[in-house]
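Letter by letter, the chains look like this.
There are 2 protein chains.
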Amino acid sequence: MNTTSSLWARFQKYFLHYEDLGFSIDISRIDFPEDFFTGMAIPADSACRAMAQLENGAIANPDENRMVGHYWLRNPGLAPTEAIRDEINATRDAIVAFAKEVHGGTILATTGRTFSDLLVIGIGGSALGPQLVADALWSQADALRVHFFDNTDPDGMDKVLAQIGSNLGQTLVVVISKSGGTKESRNGMLVAQAAFTREGLAFAPNFVAVTGKDSDLDKVATAEVWLRRFPMFDWIGGRTSIMSAVGLLPMALQGLDVSSFLAGAAAMDEKTRTDDIRLNAAMLLALMWWYAGQGRGAKDMVVLPYKDRLLLFSRYLQQLVMESLGKEFDLDGKTVNQGIAVYGNKGSTDQHAYVQQLRDGVNNFFATFIEVRKSSPSPQLEVEAGVYPGDYLQGFLRGTRTALHEKGRESITISIPEFNAFQLGALIALYERAVGFYGSLANINAYHQPGVEAGKKAATAILTLQGHVLLHMHATTSPQTSEEIALAINADPEEVFHVARHLAANNPKIHHVSGRSPSLDTFTFSHS
Amino acid sequence: MNTTSSLWARFQKYFLHYEDLGFSIDISRIDFPEDFFTGMAIPADSACRAMAQLENGAIANPDENRMVGHYWLRNPGLAPTEAIRDEINATRDAIVAFAKEVHGGTILATTGRTFSDLLVIGIGGSALGPQLVADALWSQADALRVHFFDNTDPDGMDKVLAQIGSNLGQTLVVVISKSGGTKESRNGMLVAQAAFTREGLAFAPNFVAVTGKDSDLDKVATAEVWLRRFPMFDWIGGRTSIMSAVGLLPMALQGLDVSSFLAGAAAMDEKTRTDDIRLNAAMLLALMWWYAGQGRGAKDMVVLPYKDRLLLFSRYLQQLVMESLGKEFDLDGKTVNQGIAVYGNKGSTDQHAYVQQLRDGVNNFFATFIEVRKSSPSPQLEVEAGVYPGDYLQGFLRGTRTALHEKGRESITISIPEFNAFQLGALIALYERAVGFYGSLANINAYHQPGVEAGKKAATAILTLQGHVLLHMHATTSPQTSEEIALAINADPEEVFHVARHLAANNPKIHHVSGRSPSLDTFTFSHS
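These protein sequence lines are chains A and H, in that order. With positions in the first sequence counted from 1, the corresponding number in this note's numbering is that position plus 10. With positions in the second sequence counted from 1, the corresponding number in this note's numbering is that position plus 10.
Just so you know, the hints here were simulated from the structure itself, not pulled from any lab data. Do not take every clue at face value.
Identical copies go unnamed one by one, so any copy, or any two together, can satisfy a pair.
To be verified - Simulated pairs of lysine-lysine, DSSO-like, Cα-Cα distance not exceeding 30 Å:
| # | residue 1 | residue 2 |
| --- | --- | --- |
| 1 | Lys519 | Lys229 |
| 2 | Lys417 | Lys344 |
| 3 | Lys169 | Lys23 |
| 4 | Lys466 | Lys344 |
| 5 | Lys519 | Lys223 |
Full structure from sequences and hints, please.
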């Protein structure tokens, strides 16, 4: 043994643990130099102050002129006004009471029976959080079986409806959309309603909305007299909405422990409110991302939880990190093209997939191992004398960390004592705060998403174009090339080509004949 | 309209479509210069010749002295010997016949009832393919409900067993391990067997092995008289085993169309056997990866299928691409650290997650859009006049492609006519061949995985260490620090610290007290 080994010394020097949470973070395998923290002291201090201002109700999202209030959700006492505090508490109480009524049969489904299933309709921030929670905390004791519509794929929605099967009438449908204008969710809502109607069932008694006050969805839900409406607050962004009604309502309906989840987040918030960098796990995380990626996302973040229940955590973090940090301009308007790419699934599964590249291939990443010390809440099978499946899980994590380190690949290791709603809440809070800090270090607005609009606008333009192409085809009888159609309706021939191909694939009245080149493909509308 | 627009011209110039497959690939939004193909003609030609040799039975995996035969699986006529041809055909026939017997009730479960569920136990190449197929081709008409153990997480396995619930006795269990020595799968097998035993059920009548001849698993299955054994061939690697018994057996048991799946792959193989670069979709793909990443993986591959059923495709490609291409040395022994990082989920869902970063943030990727022209096999709901959910899906794809292009982000678009087993087979073949070509361009062995061993060895060392730590603790009564234990058993104190923490979290006889620093933490074995 060598107790003077530089790694053991380095490990101890930077090891941070929160005794009461059973949490620890090990940054010793990121190769920052000894003076790194000194050099980062001033920006880190600014980041702490920005976070404090945000928590106090500052307009932390200047482009949208909004407060950023997700930390208040788990500690309403922090909210800057009594009105906000009251609406957080009232919403949470209403959710818990509603779930109790659903579970107890005080509220019955449109069929007059108790609810058996839950269909959540949302996308992005209105789906990823509920999906993570539903999968991570699933148990046999769940009150409802949970399903999702998280896209506008008609085949995908049919698949989910087939899985719900004859339980449709006993399915509570929660439609989530902050603006109420998200087309994927609107389409999902219509498809779900049509499914009820096809079965001869009134849908309104099974439908619940989670949306901003007076949004289009709010109006529809009111007009159609849906079972219930829950508010989304203006000061909550989609990717940090998991502790608002967006996350809590599905969670409570599934029968999960909402209070522990919030308590875990509140506890991590509290720990990471310190401006002593070395005691602040979220700041350490942000600083390690900064160091590893040279402050410009030069390395991808590979997230490797050794825990099946955390399979969706990397997908959740993809949104939280990439949508928050992937920005063109900084707060001074300078072009910065910031961001950190995030991917991963779970260990040790991924060791049999891409860990080959992590160890031997292009060194363009840092790994984050997430370790759960207690392998299982239930007794384990002894697979060899004195050895249990969870020992292998731990062995593979440590072994892979070592194998990467040997090859100069950097990693962070986060350890939690066990897995439950409290610890999941704490992990989410840790990353929310790390993202906030990193946003400050990079001097960007981590709370808007201006780039998302462009894709939506371009998509709307395609749908408009589709209408024009269809009208033009309908008005002509001879085969038309995409160039001819484009000329007639003043559009781009390439876009016309794809729209026409799409129409021909889905509309039996439109006939497509391939040519040697796309400009020679023809399309004909059959009036017969 | 501007028909002379450079984009329409460029699109047409490089657009490749396979009329009979309804397949096309659009590489016009990768910004390679006009002379790129000329410059790559010689290496591309070499890659075509290497592929032809591989298909003819060359030792294409020199480190392991193995042939690489996955292309023979869908076209046994290609196999280099009659013996290989015969074992491919015999295995396939045996799988189809076995599935028929299971579905028809000729073979009954240990309970004497027909089988209702399927539990596949495997990891990496023995899980990702079956998981992709099971999810992508699921329908209400499936013969069996499919579940997976794909890790050694005891809690994760308990969760799956809880989902199987009272169907356990009617669950066919397929254990897949080529070497038969993969610990995760061995543990999964033992956990599943113990579950049967707990219910008072004989497990052997429900257990099937897919493994190499005379492997440890083969011996166990023989000794325990399992229901059936199917072979894994020496000349098939895990990440290309989806068309061997590994993929076909679960697929056939689920009731899916094995023949179409193989036919789709065979058709794509055939098309991409041409050495005319511009007509070879797999070569175009490899060349675009090469161009975008400057031949050294400088850009990540973001895979965005606009199709819910292809959600797992990016995870499948993560293994196929990263384990094949992520290599330290080239074939001449030169250090190259090759590879391409792969991530993605599905559109338009991901537009509400990380597409913000793709458009505005760090430009370290190229996107691959996968478009399915026919939105659904079933009639769609009209959500607006003349507009269907699939029109939105198509609109979002085209819109996002445009939004990325506007900002100088490169993309490839692959279009398939509809989604089914045939097209899934074709897509997989396309990527298998692109990976093979890229391996040749990079002059690496794309068919071994030397880096995986290191993590396994390090993990084994941790388990051995755990035994030593436990023995030492057991032999002492006073609290011990990890340094003291490490000194006594001649081990690294940091590893001892983590092993001891893990043991304390899982073994109620081991008591842990935290100190100010890890070196002051103590561990005590309680003999009471």
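Structure-based check of each hint:
no.	hint	result
1	Lys519 / Lys229	neither (37 Å within a copy, 60 Å between copies)
2	Lys417 / Lys344	between (37 Å within a copy, 16 Å between copies)
3	Lys169 / Lys23	neither (53 Å within a copy, 38 Å between copies)
4	Lys466 / Lys344	within (25 Å within a copy, 47 Å between copies)
5	Lys519 / Lys223	neither (43 Å within a copy, 55 Å between copies)
Hint violations for this structure: numbers 1, 3, 5, all remaining hints satisfied.
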